[in-house]
Amino acid sequence: MYDFAIVGSGVSGGRIAEELTSGGARCVLIEAGKKFDRHSFPPNEMASSTKMFWGGGIEISKDARFGFLRGKCLGGTSVVNQADLDRFDEFAWNAWRSRTGIDYFSTAEMAPYYDYLDGCVASGPIPPEHYNRNAKLFTAAFEKRGYHWQPILRSQTDCRLDMGSDCIVCLGGCPRDAKQSTLVGCIPRAVAKGLTVETELEIDALRYASDHVTLAGQQRGSRQEVKARKVVLAAGTFGNTALLRKSTEIGQRLPALGKSFCCHPQFMTYGLFDEPVDAHKGALQSVQAHDEKLRKAGLKLENVFAGPIATAMLLPGIGRAHHALMKKMRYFGCVEVAIMDDPEGKISLDKTGKIVPDKALTASDKAKIQKGLEIAVDLHSAVGAKQVIRCDQGFGLHLMGGCPIGTDAKTSVVSPDFQVHGFPNLYAADSSIFPTAPGINPSYTIMALSVRASRSMLNQ
Amino acid sequence: MALPTRHLSRSARIGLDKLGDALLPGDEDLPAFSELGCGDHIDTVLDEMPASDRDSLKVLLTVCRYLPNFALVGLLAGIERGTNLPGPLGTGVRFLRMGIKGLLLTLYYSGNKGASYTGRNPLDVIGYHVSVYTADIDGAETAVRQTEPIRETAAN
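Line by line, the protein sequences are chains A and B.
Take the first sequence: its letters are residues 77 to 536, numbered as in the numbering used here.
Take the second sequence: its letters are residues 54 to 209, numbered as in the numbering used here.
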């Protein structure tokens with residue numbers, strides 16, 4: 077029997093696997109998706125979307141206003157995201173401390189974990205000489221309108237931007253292993269220390285006993301079981317909630333399960349310029365907003381772009397009008413508007429066991445989005461955009477909550493020690509435990525919480 | 054001529070092309086959806102689609118096989134205009150928009166084409182060319198990603 081079984085191999089699962097294995101525990105890391113490597117990543121946007129994401133590419137909210145993207149491959153979403161690293165600020169910690177009653181949610185208490193990660197995780201900003209024109213338009217617009225921006229810190233080694241690498245490719249996996257996903261970092265290091273990895277094993281049942289947990293699921297057409305003394309749920313907001321829900325003996329005893337679902341609802345805006353912007357070339361994301369006014373308004377403005385399929389989905393219209401817009405793709409600059417939403421969402425399962433994410437926007441959410449879009453339109457205009465397109469299709473970035481952390485078992489699922497209330501052999505430390513949307517990229521904080529949780533698990 | 058695929062009957066495959074042409078009729082630079090032949094690669098998408106969604110899609114495409122073009126254009130235009138409708142009607146419209154446009158645009162801008170198409174790839178027309186330098190790691194020519202069509206093999 078394993079000491080720990082970890083379900084999910086993303087930013088949390090991969091990190092916990094390495095920490096526990098390094099601490100001498102016998103662990104198995106379970107991933108529902110396939111294992112790819114830099115030679116086998118799917119060759120284009122269509123293939124990567126269908127083969128590396130849950131739902132065959134996208135999952136949709138109950139009211140179909142939002143799409144959700146979840147990586148389904150060894151390494152999870154860390155393989156397909158942009159590897160941004162941001163520490164939480166006191167604004168975020170204050171909100172969490174206030175909501176949960178947990179004292180260690182503070183800059184001072186969490187700093188040692190971030191500092192530890194700074195020593196483990198290769199990172200760096202994109203050098204200014206490699207900002208593409210999309211980034212230059214973004215920074216110029218911010219400066220003209222009196223907003224502050226900062227370089228994004230990314231978990232990467234050498235992307236060879238000097239040799240013309242285009243980072244948009246790594247949305248389907250990095251062909252250079254420059255992006256430091258758990259696939260190339262934590263997991264191989266943990267395997268070298270004895271970690272067992274099981275891929276294409278989708279856990280759909282969990283049986284809890286006082287001294288062990290049994291996981292069961294389908295792996296390449298066969299039913300498999302894994303037993304461990306303890307289980308770490310690192311399958312994210314949707315995955316953790318679904319698994320606990322399917323285990324009726326557990327789900328019924330957790331009144332807060334599936335609640336406090338939150339994300340950073342995101343809408344793209346495109347500015348059309350006379351000269352090519354080529355936002356798809358070079359470093360995809362180099363800069364972001366770092367402005368107190370925007371922060372306090374609950375807004376998160378970023379400089380991004382998307383591949384042609386995603387762009388085509390976002391742009392309005394049909395027929396020749398849509399063709400005309402797509403032919404201008406090289407001339408688009410982009411400002412993404414994301415907000416800190418109210419944690420009012422819910423996750424349930426339908427009769428077939430399919431996840432139903434209910435992410436209706438509150439009045440406050442809608443007001444923030446409207447304000448953010450007005451600012452984005454103004455930013456584009458500030459640097460000479462001839463036309464600004466606001467995209468109606470939203471995406472829910474950074475899925476969070478569903479198993480919120482807290483001291484009160486009536487309003488939380490996970491205790492301050494990262495144990496599921498009433499089930500001390502079950503742990504979680506990923507984004508599912510987030511009590512609110514922080515308005516900051518969650519990856520580094522997930523890692524930090526996962527380190528803290530790992531130490532707690534090894535001590536117990 | 055549209056042939057059946059692993060997942061689609063001939064009727065559904067024809068319906069896919071008709072619906073695709075309604076959304077993507079082509080212009081002086083870009084090919085029409087059916088002309089491009091990208092629908093031949095639909096099984097790559099359908100392989101990963103949840104079975105219940107796939108079944109609904111097959112029914113929709115089979116119905117589209119028998120609808121005239123003006124009705125398909127009207128359907129798409131109505132879906133596009135109705136995305137902010139409230140309640141269950143709005144939800145249904147948005148699901149249709151995401152499902153239909155998502156499928157057709159995924160195929161059209163995938164870089165894939167039919168065996169008999171010899172014109173310009175839409176990715177070439179819009180100027181989307183991306184790559185990642187790997188010669189220092191692989192000792193080979195620069196890896197070209199994202200603009201290559203899928204090479205369907207037994208391993209796929």
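Be careful, since some hints might not be right.
[Stated by the list, open to error] Okay, derived cross-link-like pairs now, DSS-like style, lysine-lysine, Cα gap no bigger than 25 angstroms in a straight line:
(1) Lys-442/A / Lys-372/A
(2) Lys-138/A / Lys-111/B
(3) Lys-110/A / Lys-447/A
(4) Lys-427/A / Lys-212/A
(5) Lys-427/A / Lys-220/A
(6) Lys-111/B / Lys-430/A
(7) Lys-462/A / Lys-138/A
(8) Lys-111/B / Lys-427/A
(9) Lys-403/A / Lys-212/A
[Said to hold, decoys possible] If we take Cβ atoms under 7 angstroms as the criterion, some of the chain A residues that face chain B in the derived model are:
(10) Asn-120
(11) Met-239
(12) Ser-241
(13) Gly-270
(14) Glu-420
[Stated by the list, open to error] These stretches of chain A come out as covered by chain B in the derived footprint (C-beta under 8 angstroms, 3 or more residues):
(15) 246 to 252
(16) 388 to 398
(17) 433 to 446
(18) 455 to 461
Think of the hints as simulated: they come from the structure by calculation, not from any bench.
A virtual CB, placed ideally from N, CA and C, is assigned to each residue, including glycine.
Hint numbers the structure violates, sorted upward?
-> Violated hints (numbers, rising): 3, 4, 5, 7, 13, 14, 17, 18; every other hint is consistent with the structure.
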